[in-house]
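2 protein chains.
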Amino acid sequence: MFKLKKQSKKSKARLGVLKTARGEVSTPFFMPIATKAAIKSLEAKDVKDLGAEIILSNTYHNLLKPGTEIIKKFGGLHKFMNNDLPILTDSGGYQVFSLAKFRKIKGNNIEFQSHIDGSRHILSPKKVIDIQVTLGSDIMMVLDECVGLPTTKDKALEALERTSQWAKIAIDYKNKLNTKSAKIKKQLIFGIIQGADYKDLRIRSAQELVAMNFDGYAVGGLAVGESSKTMYKVLDYTVPELPENKARYLMGVGYPDNIIEAVKRGIDMFDCVIPTREARHGRLYIWKGKPDVTKKNFYTTINITNAKFAKDTKSINNTNLKSYSKAYLHHLFKTQEPLALRLATLNNLKFYLDMMRDIRRTIKNNKL
Amino acid sequence: MFKLKKQSKKSKARLGVLKTARGEVSTPFFMPIATKAAIKSLEAKDVKDLGAEIILSNTYHNLLKPGTEIIKKFGGLHKFMNNDLPILTDSGGYQVFSLAKFRKIKGNNIEFQSHIDGSRHILSPKKVIDIQVTLGSDIMMVLDECVGLPTTKDKALEALERTSQWAKIAIDYKNKLNTKSAKIKKQLIFGIIQGADYKDLRIRSAQELVAMNFDGYAVGGLAVGESSKTMYKVLDYTVPELPENKARYLMGVGYPDNIIEAVKRGIDMFDCVIPTREARHGRLYIWKGKPDVTKKNFYTTINITNAKFAKDTKSINNTNLKSYSKAYLHHLFKTQEPLALRLATLNNLKFYLDMMRDIRRTIKNNKL
Numbered sequence: 001m002f003k004l005k006k007q008s009k010k011s012k013a014r015l016g017v018l019k020t021a022r023g024e025v026s027t028p029f030f031m032p033i034a035t036k037a038a039i040k041s042l043e044a045k046d047v048k049d050l051g052a053e054i055i056l057s058n059t060y061h062n063l064l065k066p067g068t069e070i071i072k073k074f075g076g077l078h079k080f081m082n083n084d085l086p087i088l089t090d091s092g093g094y095q096v097f098s099l100a101k102f103r104k105i106k107g108n109n110i111e112f113q114s115h116i117d118g119s120r121h122i123l124s125p126k127k128v129i130d131i132q133v134t135l136g137s138d139i140m141m142v143l144d145e146c147v148g149l150p151t152t153k154d155k156a157l158e159a160l161e162r163t164s165q166w167a168k169i170a171i172d173y174k175n176k177l178n179t180k181s182a183k184i185k186k187q188l189i190f191g192i193i194q195g196a197d198y199k200d201l202r203i204r205s206a207q208e209l210v211a212m213n214f215d216g217y218a219v220g221g222l223a224v225g226e227s228s229k230t231m232y233k234v235l236d237y238t239v240p241e242l243p244e245n246k247a248r249y250l251m252g253v254g255y256p257d258n259i260i261e262a263v264k265r266g267i268d269m270f271d272c273v274i275p276t277r278e279a280r281h282g283r284l285y286i287w288k289g290k291p292d293v294t295k296k297n298f299y300t301t302i303n304i305t306n307a308k309f310a311k312d313t314k315s316i317n318n319t320n321l322k323s324y325s326k327a328y329l330h331h332l333f334k335t336q337e338p339l340a341l342r343l344a345t346l347n348n349l350k351f352y353l354d355m356m357r358d359i360r361r362t363i364k365n366n367k368l
Numbered sequence: 001m002f003k004l005k006k007q008s009k010k011s012k013a014r015l016g017v018l019k020t021a022r023g024e025v026s027t028p029f030f031m032p033i034a035t036k037a038a039i040k041s042l043e044a045k046d047v048k049d050l051g052a053e054i055i056l057s058n059t060y061h062n063l064l065k066p067g068t069e070i071i072k073k074f075g076g077l078h079k080f081m082n083n084d085l086p087i088l089t090d091s092g093g094y095q096v097f098s099l100a101k102f103r104k105i106k107g108n109n110i111e112f113q114s115h116i117d118g119s120r121h122i123l124s125p126k127k128v129i130d131i132q133v134t135l136g137s138d139i140m141m142v143l144d145e146c147v148g149l150p151t152t153k154d155k156a157l158e159a160l161e162r163t164s165q166w167a168k169i170a171i172d173y174k175n176k177l178n179t180k181s182a183k184i185k186k187q188l189i190f191g192i193i194q195g196a197d198y199k200d201l202r203i204r205s206a207q208e209l210v211a212m213n214f215d216g217y218a219v220g221g222l223a224v225g226e227s228s229k230t231m232y233k234v235l236d237y238t239v240p241e242l243p244e245n246k247a248r249y250l251m252g253v254g255y256p257d258n259i260i261e262a263v264k265r266g267i268d269m270f271d272c273v274i275p276t277r278e279a280r281h282g283r284l285y286i287w288k289g290k291p292d293v294t295k296k297n298f299y300t301t302i303n304i305t306n307a308k309f310a311k312d313t314k315s316i317n318n319t320n321l322k323s324y325s326k327a328y329l330h331h332l333f334k335t336q337e338p339l340a341l342r343l344a345t346l347n348n349l350k351f352y353l354d355m356m357r358d359i360r361r362t363i364k365n366n367k368l
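The listed protein sequences correspond, in order, to chains A and B.
Numbering-wise, the numbering used here puts 193 at position 193 of the first sequence, and it's gapless, one number per residue.
Numbering-wise, the numbering used here puts 238 at position 238 of the second sequence, and it's gapless, one number per residue.
I should point out that these hints are in silico values taken from the structure, not numbers from a laboratory.
Keep in mind that a hint or two might mislead.
Said to hold, decoys possible - Not everything, but these chain A residues come out facing chain B in the computed CB check (under 8 angstroms):
#1 Met-1
#2 Lys-5
#3 Lys-36
#4 Lys-40
#5 Glu-43
#6 Gly-76
#7 Phe-80
#8 Asn-82
#9 Ile-302
#10 Ala-307
#11 Lys-308
#12 Ala-310
#13 Lys-311
#14 Thr-335
#15 Glu-337
What you are looking at is a predicted structure, and each value in this text was computed from that prediction instead of being measured.
Positions of the beta carbon are idealized from the N, C-alpha and C atoms, including for glycine.
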C-alpha cells in the first residue's frame, strides 16, 4: 500500500505513493482537518480544488455528533459529508484525554463524558475499529494512550505498554474482520508509537509495533508542549526503527518549519489545525517570493486585522486569491462578514498544500 | 436603458431587459444583497453561478465601513469586492432612519451618528450622488425620506414633499455631472416614490418624479410594517402612473407571494434580505414539485434545525445541493460549523433566483 519512489540524496526525505481504497496520494502530504465532518467554511470540493488528495476527520467528534448511527445510515462519512477524497480518522483517544470532561481507564475500556453534553461513552481498542469501519475510513488509527510532555519515565512506560497491548488487540481484531469483508480489508490500519522523549522507550514502542505488521506507523505523543528541538531529537532516534516500505505519519504537526524538519527525518504524512485555526484569527501564511522551501525564511505570516492592511490594495496571494485585496479581507474581518473565514482558510490551506508540493519538488531535485 | 419585451395577457406582468454599464439584466429580477460589500458567506462568483445577473449593496454601510476613501482607491465597489455583476446601491436614507443612533434633518442635510461607533456623518441629495459615483454603482438611488406605516397624512405629505425636492436636486446634479464624465453618464439613476398608503399622495409623488425623467422608478415606503393587502393596493394605484418604457423597482420586497403579486401589478425589480437572513436561522425555501409559480403553494419552508431532520438522508434540494443531505445540514447547524451558513444561503438564493426565472417563463407563456 506504500510505494517508495525516491530517497533524497541530501537528507532522509523521501517521495512515495500511499495507496488507499479511494485513490493514491503522493507523499509527503498534509491532511486538512474536517473535525466535525466539515472543513471550516469550505466544501470538500473546495479543498480538492486547492490540491488536497486526502483529509482527516476526528472519530471522537463524529462519535458524539452526529453519532455513528446516523453516519451508518449514509454508509459512511464520505457520503455523509459529500466528499470523495480518502479520509484518515484518528482513534478518538487523544480527544478523550484532552477534551472529555472526565475519563477513567478500566482494563481495556476508557470511560468518558462528552465535553458537549456530559453523556457517557466508552472507547476500547475493538470499539474504535468498529467505529472506523462504520465511518468507512480509508486509514484507521488504533486506540493509544498519549501523555503530554514533560512526563516521568514511569508514566511514559505505562502509556507505552498500554498502547502496545491495545495495538495488538486492534490489529488482531482488524485481521479477523478482514477475512469477513473485502471492504474492511481495503481499510488501512496504522499503529501509533509512544514513549514520550525517552529514547529507549520510543525504540521499544517502535519495535513492538513493527512486529505487529501495521499498514503504516504514526509517531504520536509529539506536538504536546515540547520544544521543536525535542521533537526533532525524538524523530532522529525513532524513525530509523521503522521499515522503509511503510508510510510514516507525524500526528498533529505542525508549523511549516516543523513539517520540513520532519520530512528531512523521513516522515511522509502530516495533519494539523494550524492553517484552519489561524485563519479564524486572521493570521495568514504568505510566500516570500517564489515558493522554495529550501530557502531560509521562505514564508511569513501577517495578521490581516492589523490596521496597516486597511488600505492595502495588493492581492492576498498570487494564486487562488489574487483577485482579492488585503484591504478587502481586512474589511471582512472588521465587519465580521462570514466570507472572511472562507477567504482566510482558502489562503492558508492553499499555502500548506503548495508547501507540500514544493517539498515534493525539492526532494525530487535532491535539494531538500 | 429599459426595453419592454412582452406584456402578459393575463396580468400587468411584463418581460424586459434593463441595460446597465456592466451588462443587460432580464426583468423581472431579484437582487441578492451584499450589505457590507459581501454576500453572507458567498463570493460574488458563487452568486453569479447561481444565476444572479445583478446584486445590491448598501450605501450607508459602505460609507461607514470601509468608507469611501478606501473604495475610491480601488476605483469602486466592483473591484473592491471582486465582483463583475452590475450593482445597484441604495441611497443610505432608509438605514439612516432605521439604524443610525441619532438623526436630524437640517435643510437638505441629514445629520446622523453611526450605529457602529457613534461617529458623525452628513448625507444630502448631492452627497449621496457623489458617494454612488465613487462606489461606481450601475444603478444609483436618490436620497428620499421613508416613513413607516401606519402614519398620518401630514407626516406622509411632509416626507413626499421633501423626497420630491431632494429628487429634483439629485437629478439636476446628476445631469450636470453627466456632461463632465462619460462614465458617470452611464450610471443609471432612479427616483423613489413615497406617499405612504394615501392614494392621492402616491399619485402626486409618482407624477412629480416622472416629470423629472429618471432612468427608472422605485416604489419606496413599502415593506415597512403594512399588510400585504395594503402593499398591493398601493401598487394598484401607483404603478399605472409610471411610464411603460422605464423599469419599476419595489424596494425591500419580499416573500415569494409578495414578489409574484407585485410582478402581476407591473413591477420589474426586487431586493430583499429574506433569503440570506433566513438562511442564517436555518429556514430553507424548498420547491414543492417542479418549479411553477402559477400553482398555489408552489413552495414550502422548513427549519433544518428541527430534530426531525437529524436522520433525513434526502437531498437538501434537487438542484445545486442535491449531493448534500438534510441530515448533514442539520448536523452543521447543530455543531455551529460555518459551512452551515454557506449551504443554507446557497439553497435560498438558488430558490429565489429560480423563482424569478420561473416568473419570466410563465410571463412568456401568458400563464402569469
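Results for each hint:
no.	hint	in the structure
1	Met-1	violated, 29 angstroms
2	Lys-5	violated, 34 angstroms
3	Lys-36	holds, 5 angstroms
4	Lys-40	holds, 6 angstroms
5	Glu-43	holds, 7 angstroms
6	Gly-76	violated, 12 angstroms
7	Phe-80	holds, 6 angstroms
8	Asn-82	holds, 5 angstroms
9	Ile-302	violated, 18 angstroms
10	Ala-307	violated, 12 angstroms
11	Lys-308	violated, 13 angstroms
12	Ala-310	holds, 7 angstroms
13	Lys-311	holds, 6 angstroms
14	Thr-335	holds, 5 angstroms
15	Glu-337	holds, 4 angstroms
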